[in-house]
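Q: Could you slot chain B onto chain A? The hints should help.
These are the residues of each chain, in order.
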Amino acid sequence: MHSLKPIIGKETVCTRKDGETTNFLTSKIPLFDLDGKVNGLIGISMDITGLKKKEDQLRNLINVTSLQNKKLINFAHIVSHNLRSHSANFSMLLEFLAKEEDETEKERIVSMLSNASDNLMETLEDLNQIIDINTKVNLDKKPLNLYENIVRAQKNLSAFMGKHQAEVQNNVPKDLEVKSVPSYLDSIILNLMTNAVKYRSPDKNPTITLSARKHDNTTIFSFSDNGLGMDLKKYGGKIFGMYKTFHNNKEARGLGLYIIKNQIEAMGGSITVSSEVDKGTTFNVFFNEESK
Amino acid sequence: MCFLMKKVSSIFIVDDDPITVFGIRKMLKPVALCDDVQIFQNGKEALDALIKRMDGPGNIPEVIFLDINMPIMDGWDFLEEMMTLDLKEKIIINMITSSIDPLDHQKWNEAKARCLHILNFKNKPIFKIEPTDLDYIHLAS
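One line per chain: the protein sequences are A and B, in this order.
Using this note's numbering, the first residue of the first sequence is number 1, and each one after it goes up by one.
Using this note's numbering, the first residue of the second sequence is number 1, and each one after it goes up by one.
Just so you know, not all the hints are guaranteed correct.
Stated by the list, open to error - Label-pair ranges, simulated between beta-carbon atoms:
id	chain 1	residue 1	chain 2	residue 2	range
1	B	Gln106	A	Pro173	44 to 54 Å
2	B	Leu103	A	Phe90	17 to 27 Å
3	A	Phe90	B	Asp135	26 to 36 Å
Since the hints were made in silico from the structure, they are not lab data.
The beta-carbon is built from N, C-alpha and C at its ideal position, and this holds for glycine as well.
Bound conformation, chain B alone:
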């Protein structure tokens, strides 16, 4: 049986709901090996940390779990700001939301087209983290 844990250097969880954060951490345990899981209450906190890591110590996160509805800076605004950053690596961004508003889905489609990173859209409830949430297939290989 091949049940490989994926090694991830750093993961950001951006969500103001402690239950969702608890859930994501719990679901990560069996699928990801990561010593650096950071929690942020809103987009602004995560963005500040990301910028700090760009020219300081600490790894740029390989994976970000991003909530949409948050105070101060929501998921969409975070995404917009992030796209302006000069990031060398592709980041996998999993947008997690309980919204079934078609407008959010449409926004995601538009953002995906413009975004250089991998943008996934996951509707709550989620029960497990899929391999595609942590890794992307290198087309070149």
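Same shape as in the complex, but just chain A:
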């Protein structure tokens, strides 16, 4: 006020003793007398807490929408790229077929064509699966016992795990519950577990260590293996991408991590990875415990 300059429309925050905050829109105007001296002050403070809250909500909504938009663009790219590569194969083979005169060669081309059509079907099924995950609006999240779900997955995979002498250290607290769509939790555990064994180190028996803890509104589920590991500097941006595989592995289709990332995100959670070549890989799954 000493500066004699009016303050117009300044936003201020007032924090009460109980931690409650109130936003004000404040204007202060000095009153001058005929000699130019200040002899008063008009001040107006308006409580705009409600407006501020609305603004935050809107901003959140914009963030969510632009994130969804990004995902959609990414998905459109995947669709167009994957379908294009099949259609390119079809038109190339058909062109060959039209010009070919040799009968055995014709047969060969036809068998290639049926291969191409199988591949296309497979891609379409993959894409459908992804769309299915992303379009379910009302997810039926239920509290599920994580420990028991892991034990069940182990049972389902027992033949596969036994064959590779894989060991599972289940350090998850026995009473810990996570909120998840049951089939998604199955898929997350199965995918991470099979990945850990698929990408095992040739020199060590695969050991998988699982743990989980609650933190505020989130349950963090940690999944570590002692496998091949990956160079995340090189592949970090691509690891959850569709049809991305980084090891010379015939079983790898590059779909598992892409699917579980979509499932986790659809439930309001997230997944992160840390890894070191020849040491192993750790995935952290963050389950959002708010029922939304």
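A: Frame of chain A, contents of chain B only:
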């Protein structure tokens, strides 16, 4: 009629899609004479073979058909690694992709400027191998 087959000592095809590989081989038949056509599933395999040939037996490929999207090492990474090799001969590299992503085209333009080899960009579907895919015009001649 002048329909010359081009003699090529060695060709690398780097692509993980068997149908595309089949197509390229088939299209090569009428235009190229080559006893040494090698197939690789990804960039890493091709790079290893190339390095092996640099100080061992076998010809350095004159022509490489290179896919972009491949596991383990994709076409771009292969290209980057290849540029660091001390290759005496110019190699014709045909990048073949079904991608219509402008980003890939832009990447190609940038790579072409830095690359000492001949870098072509071909969008699928392809129906025949052009003479420029196998040979380049010697400006000196």
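Q: Taking the numbered hints from earlier one at a time, note which ones the structure violates and give those numbers from smallest to largest.
A: Of the numbered hints given earlier, the structure breaks none, since each of them holds.
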